[in-house]
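Let's have the full structure, built from the sequences with the hints guiding it.
So in the working numbering, spot 470 of the sequence shown is number 486, and the numbers just go up one at a time.
I should point out that these hints are in silico values taken from the structure, not numbers from a laboratory. Be careful, since some hints might not be right.
As the list claims (entries may be wrong) - The calculated label-pair distances, taken between Cβ atoms and stated as ranges, are:
# : residue 1 : residue 2 : range
1 : Ser-436   : Asn-345   : 32 to 38 Å
2 : Ile-344   : Arg-532   : 52 to 58 Å
3 : Asp-413   : Glu-517   : 28 to 34 Å
For every residue, glycine included, the Cβ atom is placed at its ideal position computed from N, Cα and C.
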Amino acid sequence: MKYVPLHVHSEYSLLDGLSQTKHIAKRLEEIEVDACALTDHGTVSGAIDFHKTISKGFKPILGCEMYLCSDSSSVKTVENRSLSHQVILAKDLEGWKKLLSLVSISNNPDNFYHKPRIGLEEFLSLVSSDNNLISFSGHLGSHLGNVVTDNVNWKKEGIRQAERLRDAFGKDNFYIEIQLIDSLINKTAKECAEKLREISKATGIPCVATPDAHYCRKEDSHDQRVLLCTALRKSISQIQSEIKQGKLVSMKTFFESDNYHIPSPEEMLQFHNPDELQSTIDIADQCTNYEILGPPNPPVFDCPEDMSPNDYLRYLCREGWVEKMGHINKGHDLFKTYGGRVDKEIKIFTETNLSSYFLIVRDILQYANSKGYLTGPGRGSAAGCMVSYLMGITKIDPVPYDLIFERFYNAGRNAGGRVSMPDIDVDVPKYGRNDIIEYIKEKYGKDNVAQIISFQTLKGRAALKRVMASRGNISFDEQNAITSHILDEAKIADDLQDMKEELGTSSVITWALENRKDKLSEWCQINDNGELEGKFAKIFEQAMRLEDTKIVQSKHAAGVVVSPQPIYDVCPMVIDREGKDLLAGFEGPSCEDAGLLKLDILGIKMLDKIMDISSILKV
Numbered sequence: 017m018k019y020v021p022l023h024v025h026s027e028y029s030l031l032d033g034l035s036q037t038k039h040i041a042k043r044l045e046e047i048e049v050d051a052c053a054l055t056d057h058g059t060v061s062g063a064i065d066f067h068k069t070i071s072k073g074f075k076p077i078l079g080c081e082m083y084l085c086s087d088s089s090s091v092k093t094v095e096n097r098s099l100s101h102q103v104i105l106a107k108d109l110e111g112w113k114k115l116l117s118l119v120s121i122s123n124n125p126d127n128f129y130h131k132p133r134i135g136l137e138e139f140l141s142l143v144s145s146d147n148n149l150i151s152f153s154g155h156l157g158s159h160l161g162n163v164v165t166d167n168v169n170w171k172k173e174g175i176r177q178a179e180r181l182r183d184a185f186g187k188d189n190f191y192i193e194i195q196l197i198d199s200l201i202n203k204t205a206k207e208c209a210e211k212l213r214e215i216s217k218a219t220g221i222p223c224v225a226t227p228d229a230h231y232c233r234k235e236d237s238h239d240q241r242v243l244l245c246t247a248l249r250k251s252i253s254q255i256q257s258e259i260k261q262g263k264l265v266s267m268k269t270f271f272e273s274d275n276y277h278i279p280s281p282e283e284m285l286q287f288h289n290p291d292e293l294q295s296t297i298d299i300a301d302q303c304t305n306y307e308i309l310g311p312p313n314p315p316v317f318d319c320p321e322d323m324s325p326n327d328y329l330r331y332l333c334r335e336g337w338v339e340k341m342g343h344i345n346k347g348h349d350l351f352k353t354y355g356g357r358v359d360k361e362i363k364i365f366t367e368t369n370l371s372s373y374f375l376i377v378r379d380i381l382q383y384a385n386s387k388g389y390l391t392g393p394g395r396g397s398a399a400g401c402m403v404s405y406l407m408g409i410t411k412i413d414p415v416p417y418d419l420i421f422e423r424f425y426n427a428g429r430n431a432g433g434r435v436s437m438p439d440i441d442v443d444v445p446k447y448g449r450n451d452i453i454e455y456i457k458e459k460y461g462k463d464n465v466a467q468i469i470s471f472q473t474l475k476g477r478a479a480l481k482r483v484m485a486s487r488g489n490i491s492f493d494e495q496n497a498i499t500s501h502i503l504d505e506a507k508i509a510d511d512l513q514d515m516k517e518e519l520g521t522s523s524v525i526t527w528a529l530e531n532r533k534d535k536l537s538e539w540c541q542i543n544d545n546g547e548l549e550g551k552f553a554k555i556f557e558q559a560m561r562l563e564d565t566k567i568v569q570s571k572h573a574a575g576v577v578v579s580p581q582p583i584y585d586v587c588p589m590v591i592d593r594e595g596k597d598l599l600a601g602f603e604g605p606s607c608e609d610a611g612l613l614k615l616d617i618l619g620i621k622m623l624d625k626i627m628d629i630s631s632i633l634k635v
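Right under this line is the structure:
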């Protein structure tokens, strides 16, 4: 009998979930299921990535395993720090928007306390009367699971809480979760499931079978443990020792079991009855195929004299032509060269509805200049745009230097209704960056502008160090000796890009083994069959598997998104690491996939120094 995995974590459950979405898709193909839900801990930051990857062959179901506290989330005390879990799934686009709202609320600085959370009573009131969400509860650590495992009067209280959840979400939108995949090892899970089945009979609320997938396959459990060791800053042996002492109870199952994978239907059938598996299919059927991606949707720039953005773009280009190209006679070949290029660029930008983008960037630079900030002349491929030069966005005439427009913007990449965005780096003094961002917020609305998150990933050297540290039996000196031969990714970026184009993937560690053989042969080398051998071959293999896994959330150094509507309508808002500001909760490319305009406002310390020198010389 088929089933749908409805409780699945990805690498976006940082240092807890292992799977990248491409690996989840491959696993779904292996076990021949038709759909899958993503339910990361307290976040939906992986939703765009998941949606794009999974929808190529399967139905993606977007959800979240949210954190609930027993008292109001505004109460930030040790007693109210304990959290239970509640899984919710979005049935349709309206449900997705509701889910975005819930995640954003849980990240509000007034609610956030070590983790994004919502008080139980507030949560129930927020989801009440909606028919766009599906929820289930019952696994160990969930609200209903805690009720039946921690309460003497578990049945009475379990029935009461189950009915409260059913009443909040709606009769057909709440299920009792039965999680048994690890019950042969975790006896508490079996006891909990038996109690929950009794509650299901008493209330008529159907049961649903779920895994608790933190990695794709059983053998991946070893890699997930490295992430857990990283989170706890302990070795595997230290964690196992503390588990034996009765400490780190929450880690016990992960270090004693390899059952937190995405099970096959056959595996699930060993533990669950047909009705519980059928419920997974029923839930998947209730969830419609809806689109969360959108075309570029920049704010419409407020143009003078009732001009449209396209008209104003042309007007500014004409003004720039008079100022910068007026010396070229009409009959001259250069007149045709410049004129043809400008006409081509304007045609592309007006047809793709990108005029507002250039007007917004120009306006930001004008503000920066009005404040006396020194701005960059134009960096990278942006210097190849004639329109930008005429509008004063860049200060470099691209024609004398044979700078190619298509390296900046290739309209041939626009296909299937998708329009790619230009990418102009706005370089400003570091000390003035926050002022410029505040100007953008004042102009377009504080809810419509935000900086964005980024994620630090494990690269070659870091991946090797994390694996060796988890072993606990390799000295720091030897770790440093090995990793000293692993170069930074930036230093070999071109080689890695060539590797990716040739093989479809790239690895800093593989590059090092191929290009620094003599330095690393003492520990590991690639033999004639392309296999790793040597005393640390297994360590190198594991580190290579972990490369590019997300481990830490941070704030992007340059990225700012602008929207004509509140960002939380299409993107979750998440709290920054300082616990003060809310950031757009998708990475840059995913923000653009959601339709948000992404700008790169980069603070450059060198511009500060040049301004200081200029100021000193004037004195």
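Now the hints, each set against the structure:
Taken as a hint, the range 32 to 38 Å holds for the pair Ser-436 and Asn-345, whose Cβ atoms sit roughly 37 Å apart. Under the hint 52 to 58 Å, the C-beta atoms of Ile-344 and Arg-532, about 54 Å apart, fit the expected range. Between Asp-413 and Glu-517 the beta carbons are some 32 Å apart, a value that agrees with the proposed interval 28 to 34 Å.
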